[in-house]
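4 protein chains.
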Amino acid sequence: MTRPDQPSKFKAAVVGGTGYGGAELIRMLLAHPSVALARVSSIDQVGQPLESVHLSMTDTGLTFEEIPLADAADGVDVVFLGLPHKVSSTLAPEIEPLDAKVIDLSGDFRLRSVEDYKTYYGEDHPHPEHLDGRWQFGLPELYRDEIAQARRVSSPGCFATTIMLALVPLAQAGLLKGPVQVVASTGSSGSGAYAKAGTHHPIRVNNLKSYKHLNHQHTPEIRRILGEAMERGGVKTDYALHFMPRSAPLARGILSTSFVRLEDSVTDEQIDEVFRSFYSDSAFVRVHGAGSRTAEVVAIKGSMWVDLSWVISEPDGLGGRQLAIDTALDNLVKGGAGQAVQSMNLMLGLPEREGIDAPAMWP
Amino acid sequence: MTRPDQPSKFKAAVVGGTGYGGAELIRMLLAHPSVALARVSSIDQVGQPLESVHLSMTDTGLTFEEIPLADAADGVDVVFLGLPHKVSSTLAPEIEPLDAKVIDLSGDFRLRSVEDYKTYYGEDHPHPEHLDGRWQFGLPELYRDEIAQARRVSSPGCFATTIMLALVPLAQAGLLKGPVQVVASTGSSGSGAYAKAGTHHPIRVNNLKSYKHLNHQHTPEIRRILGEAMERGGVKTDYALHFMPRSAPLARGILSTSFVRLEDSVTDEQIDEVFRSFYSDSAFVRVHGAGSRTAEVVAIKGSMWVDLSWVISEPDGLGGRQLAIDTALDNLVKGGAGQAVQSMNLMLGLPEREGIDAPAMWP
Amino acid sequence: MTRPDQPSKFKAAVVGGTGYGGAELIRMLLAHPSVALARVSSIDQVGQPLESVHLSMTDTGLTFEEIPLADAADGVDVVFLGLPHKVSSTLAPEIEPLDAKVIDLSGDFRLRSVEDYKTYYGEDHPHPEHLDGRWQFGLPELYRDEIAQARRVSSPGCFATTIMLALVPLAQAGLLKGPVQVVASTGSSGSGAYAKAGTHHPIRVNNLKSYKHLNHQHTPEIRRILGEAMERGGVKTDYALHFMPRSAPLARGILSTSFVRLEDSVTDEQIDEVFRSFYSDSAFVRVHGAGSRTAEVVAIKGSMWVDLSWVISEPDGLGGRQLAIDTALDNLVKGGAGQAVQSMNLMLGLPEREGIDAPAMWP
Amino acid sequence: MTRPDQPSKFKAAVVGGTGYGGAELIRMLLAHPSVALARVSSIDQVGQPLESVHLSMTDTGLTFEEIPLADAADGVDVVFLGLPHKVSSTLAPEIEPLDAKVIDLSGDFRLRSVEDYKTYYGEDHPHPEHLDGRWQFGLPELYRDEIAQARRVSSPGCFATTIMLALVPLAQAGLLKGPVQVVASTGSSGSGAYAKAGTHHPIRVNNLKSYKHLNHQHTPEIRRILGEAMERGGVKTDYALHFMPRSAPLARGILSTSFVRLEDSVTDEQIDEVFRSFYSDSAFVRVHGAGSRTAEVVAIKGSMWVDLSWVISEPDGLGGRQLAIDTALDNLVKGGAGQAVQSMNLMLGLPEREGIDAPAMWP
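Residue numbers (our numbering), protein chains in the order written: chain A, 28 to 390; chain B, 28 to 390; chain C, 28 to 390; chain D, 28 to 390.
Chain A on its own, in the form it takes in the complex (with noise of 0.2 Å):
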């Protein structure tokens, strides 16, 4: 599989392929029908062919390449960004001036407010005038046109993906009131391809833990967003979110609970109403439903497909009722590497599901 000149296609670059969210756009590239992966840059592993890092693939025909961003993103239409936070934050100046479409996986671009960067980073943002808006924020669901118009997409966070995808709805129809909990859990493959004590199997394969408790990164993205929501619905609600992380004993995947206050006199179908019809014209959401089937890694792993299913309690006593709703993907793939190449189909013109429409493996 050598990677000929394919004139027809468009032509992407992965800037920093030798983690996880590096192997998932590479193997998505490669397969892609109107993309060629021309080149993958990185700052370590340089010289090695792709495989010799990534197992999983083979003859790729393509070496990691130790270049500065602007070789990297010469004569290419698009560029990945797989780098870690803090990283792609300091190339901004070099991404400015590039003629190809960016878009940047880490949380660097993802935020409005620099107060927020350094809370949740740990450092200033060393160029906040990129928290200015020129960055668009890279959920389809949300902004399918303004991703299909943008030069640079910030893709978001994997729990920020799951729980958003759960809330958004519920944000923009002015339902999202009242304190809002979510617990989450992720398997491994979130904490990136290097070992480490929280990913060390003897304790991993064995434990159930929270994690960053009510602290995560991925919050102030999802209240931005929340919030993005709301205007586009022409409503305001006063609403908290509290988010728990929780590290679980699988790969790949994340579950996330969320539970919302409903008044008394929000039906069942209201809330059915509301799902289904922002979710109607999705592509890769399974609006499951109350009483039918739940969301569950098992059904989404190594796919873009998000399983979305809810419970409301009977009026409670409180003057409420409790909903809960669960979502479920793939961490890695609508939560990472294949949501920036759902961005990368609308800001190229194809078809949104082109090349990343595959079903999960069963089991």
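FYI, nobody ran anything at the bench for these hints, they're computed from the structure. Heads up, some of the hints might be wrong.
The list treats identical chains as one, so a pair stands whether inside a single copy or across any two.
What the hints assert, rightly or not - Capping the alpha-carbon separation at 20 Å, the derived lysine to any residue pairs in SDA-like fashion look like this:
#, residue 1, residue 2
1, K38, Y148
2, K204, G346
3, K204, E296
4, K239, G318
5, K204, S340
6, K36, V114
7, K239, K263
8, K263, D343
9, K113, E290
10, K239, D295
With chain A's structure known, arrange chains B, C and D on it following the hints.
Below, chains B, C and D without anything else, positioned relative to chain A:
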């Protein structure tokens, strides 16, 4: 390891010993310094040595016997019932006349409401008079003295124990107000020893999902005990419990996260004091508190220990602070057989930790 | 994703589509660029959409149909039989008159010896004349041309494929001599989609064990093919195959280690040449050789790729050197449905890798 | 659980207590009825309570101390060295003068050949005179009496124990002839407490692979002991050991399969007699024999028990029968710390099983 007469020891019998709960009871009783396991009855595997079913055991000198309850209880000091829900209750008339103390591990004698029983177990209780209080609820952290005096103890459910240990101190202190949201994830041993779809390895090993959404049968027993904790504290607060159980891909352990709203005026120190004072003489609860260790399953699996930790948000602009409490325990030990043995120790006047205070294995 | 008429595509049917093999066949056929999946029959789940059983799928536009084989095969170019052992064979008279090409995934048409069939499958073959050679054995690495000409293909077993790919090159080269010892471990999906004791999660997740000790039903099919490889190589050597299957706690993948004695005079280069020349035009076998990468399941799970590596001891003082060959593949893909599609590609004159050359996911 | 003076108990110290082996030693010594754990030294985590590293422990009353070996050994009856390979050996001069009995868990004193040490551990032994026999090899099944008399015991490796228990009876009986092939798979705890690439959860949880192919450092210690078993049996047979280690995706446990050729004339009864008589007074080996239970990890994890089973082929036409022996044990217990405590029991004149005879947990 034959079972000779040990006249100086108390004698125990296990009725229904082929499941995982039975295995744990047998394991702990065989090793108990003050109690001898006299016999184990069952309706299947009759005549087989215990070690032919529980492959972990060696030369127990005991076989599964199919005998009436009265015979199983004959000459022993304590009988453990390790039977399925809706089977224990049918034995109520046979339990009544027994001289031996009885500890039941099913859900059949945990409630005080026949309506709740029917709602959550799907059938009328065959002997509803047994829900009148004659069975002491076996949560030693709340009822140590009562258990020590009891002749009949109904041991709590695994999820229920995990969640009650998070919420009972708050209930007793008058701090349990408003909607309370709980997500608790369990290992697969909670589903019992017989293979079924939800514990089919190819699916379970890659899965996270919710089930019995806001509708788990442990909910009414938690509510009952929270009410009694309020009475004990001389308080009465309005709250509603919304519990989402989850299955997780490990064999043992439960982690629960419970969200409780606090008023702005409640201080960190106040919460710290509530938990620390409640558990100051607790035999097995390790209170880690905010900002210290977090509750995690790997630290307690296979043991009686319970880890409890919490975090409190700053005032969130909605008139309150969000408290999130995590508890972790082993569903088959502190959440099952081990807790029953803890009650037995109290009932027989033995030290509460005797025979059951081993640490977890690491890892 | 409806299934419109696609007149330029070949048409395929799957008979017996509710198991894991069926799920993989459906997944690959739905995505195949040159073949359309026309229908899926089954005896259970009749009338249900495919995606209600294979939760990984979305809007297939197909339901499980209970129809006779002749109707399932009506108007299609190729029929896959995804039926249990001892069920496929009963359909032999119905298969005979079909115009469509047929690929059977069971063990029922893999052998040439009625005695072996009875010994390993426990029953007389109901149509022993079908063991006469009318079914081509579907191992493309050995029979590419024969498969391309065949109307009936019997696709190999998962363990058999893993082990044959290690041993066939040696057999053909006349190097397979003396006792050959094999240990191969499989993931739990090899046991099928229905829950049973051996795949009960609480046990399987913590277990390693052997089963069908030196007695697995794939043994005779391996022996048959090794014999044919010798004939092809114009050699005849005495050997005996001793295969110990093992179950391992993961969902997918097989790793086999095969021990073959070499004479002292056999050189490393000679073995290297045997494997590299045999697989020089192989579509999916990656030959890593001694001292390079080792075969490992994580690198191939979910894909068609096979990793092959080996090590040779120094002369060990007993007149020989010990060769140990490792092969790894996915039991449901190259060891199952994917290999059947590989045969289909050859039978239909399509490129051998078409539609099935995706890399594994990493991780 | 403070550590008061317990004058009637023996006293023990652990040197190097922060790893998994150290954790198991501490767990077993804290619970031992006749031995008190006096102190635990380490070079990291100094000053921390044991339970801050081994989260499974509670109120041990002990902290990690950084003290010279002589001080650690001061006033205690037995010292356990839980240090890495190539660290224990550097302490040889300090060990020499100690009055306390010493049990070393590293590989540094297991061999009798300085060449083997250099070959397999990569360095010259710093004190090669310590390979002269002054350290008793700590395999109680072979050396019970010698251990009881020993002042210095070198405890066997985990793989080595698993494989020796399969092969030693055959070696002693003169039945170990020709090439012997072994595949043994280990859980991830065998790699120690520090995170590394091979135990990175996202990879390990989906992987099976071989490593240190035919070259594992336990090989020479197995060969040494097999030779001594032959001497004890008054036999001398030619054989060669070829051992392929594997990593498996579980935390604890080893399963080994060993292939030994038997002459046609060897009967099933003869093999049965060899194993049963050898282990007739064994403290922890459960001999299941052919056609009965198979050795499996889930039955022994967390315990001292060893399961041993085997199968013998019919004469295979090559002048022999193939014997395949499976053994299963817990790498950290019978394959590590527990076996060291078993030696300690013998050295102190205590019952061999004292304090370490608990069953595994089920499941």
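Looking back at the hints listed earlier, which ones does the structure fail to meet?
Per hint list: 1, 6, 7, 9 violated.
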